[in-house]
Amino acid sequence: MRIGINFALGLLFGLGLVISGMANPAKVQNFLDLAGTWDPSLAFVMGGAVAATAVGFFIARRRYTPVLETAFEIPPGTPVDTRLIAGSAFFGLGWGLSGFCPGPAITALSLGATGTLAFIPAMIFGILAGARMSRGGAVPGDG
Amino acid sequence: MSTDFTPWASLAGGTLIGLSAAALLLLSGRIAGITGFIRRALPPYEAARPLEAIAFLLGMIAAPIMYTAVTGAAVVQTVSDNLPLMFSAGFLVGFGSAIANGCTSGHGVCGIARLSPRSLAATTTFMAVAVLTVFLLRHLTGG
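Here the protein sequences come in this chain order: A and B.
So in this note's numbering, spot 117 of the first sequence is number 117, and the numbers just go up one at a time.
One gets this note's numbering by counting positions in the second sequence from 1 and adding 143 to each.
Hints listed in this document are in silico derivations from the structure and should not be mistaken for laboratory results.
Please note: incorrect hints may appear among the correct ones.
Just so you have them, the derived chain B footprint on chain A, three or more residues with Cβ under 8 Å [claimed, not checked]:
1) 12–26
2) 32–42
3) 49–59
4) 73–85
5) 88–97
6) 103–109
7) 112–126
Every residue, glycine too, gets a C-beta built ideally from N, C-alpha and C.
Please model the entire structure based on the sequences and the hints provided.
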């Protein structure tokens, strides 16, 4: 049942990315292109997503446990460090260059664009390399 | 290339993303971070329940197929076919999000929704770097 629920939630997440336009790298790059063909749509994606997620956290704070598990896995409030800022800067560079972040890239896999097929193996390789570097003394995942 | 401003579709899609993240939190107690899911889905399976992570990712991949089956409309997408650029960007996105323990979903949506200082710092950083990257890419190099 957990596997079916995860599939359904992934489908919902992916449909959200498709309907919102976030699975289209051109739209993402236009959101980031303040000096050119600016398309503010993604501010609405973020607004809708953050608002709905915040309702989830609001309800979660009033529950002791999630429905299917024994405890919430919320990341601890560790301080901002160099690793967080440097990693986010690398991420922002790749995001700006391609218009893809991990969710939209995975969702776009079934559309089969050549650029997507080059992006995803490199992203997986990058995640494995980064995870290997982070092992030992790493803070638990924020997400 | 310009894209149409789509405030309503983007707000609706963003809300679906947030509903998925909220439901995942309340059911499984987890943060909907796509980098985290990819990491869990890969060997050495040091995190819990890899099959659930794989099911979520498969749901995402199925989303464009489901969208087109239901609406009859193709998913509009423009992906760069500059393969060295897409490969490099993929590595940067994967590596950076693994080092920073999160990407647009984990930090940008879930982290902002719970007002995590780490996620606010990460999101500000990757947004600023991505805006600067697109500016350099489109307006100084003409790419």
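Right, here's what the structure says about each hint:
no., hint, result
1, 12–26, "holds (count 15)"
2, 32–42, "holds (count 10)"
3, 49–59, "holds (count 10)"
4, 73–85, "holds (count 10)"
5, 88–97, "holds (count 10)"
6, 103–109, "holds (count 6)"
7, 112–126, "holds (count 13)"
Of the numbered hints given earlier, the model fails none.
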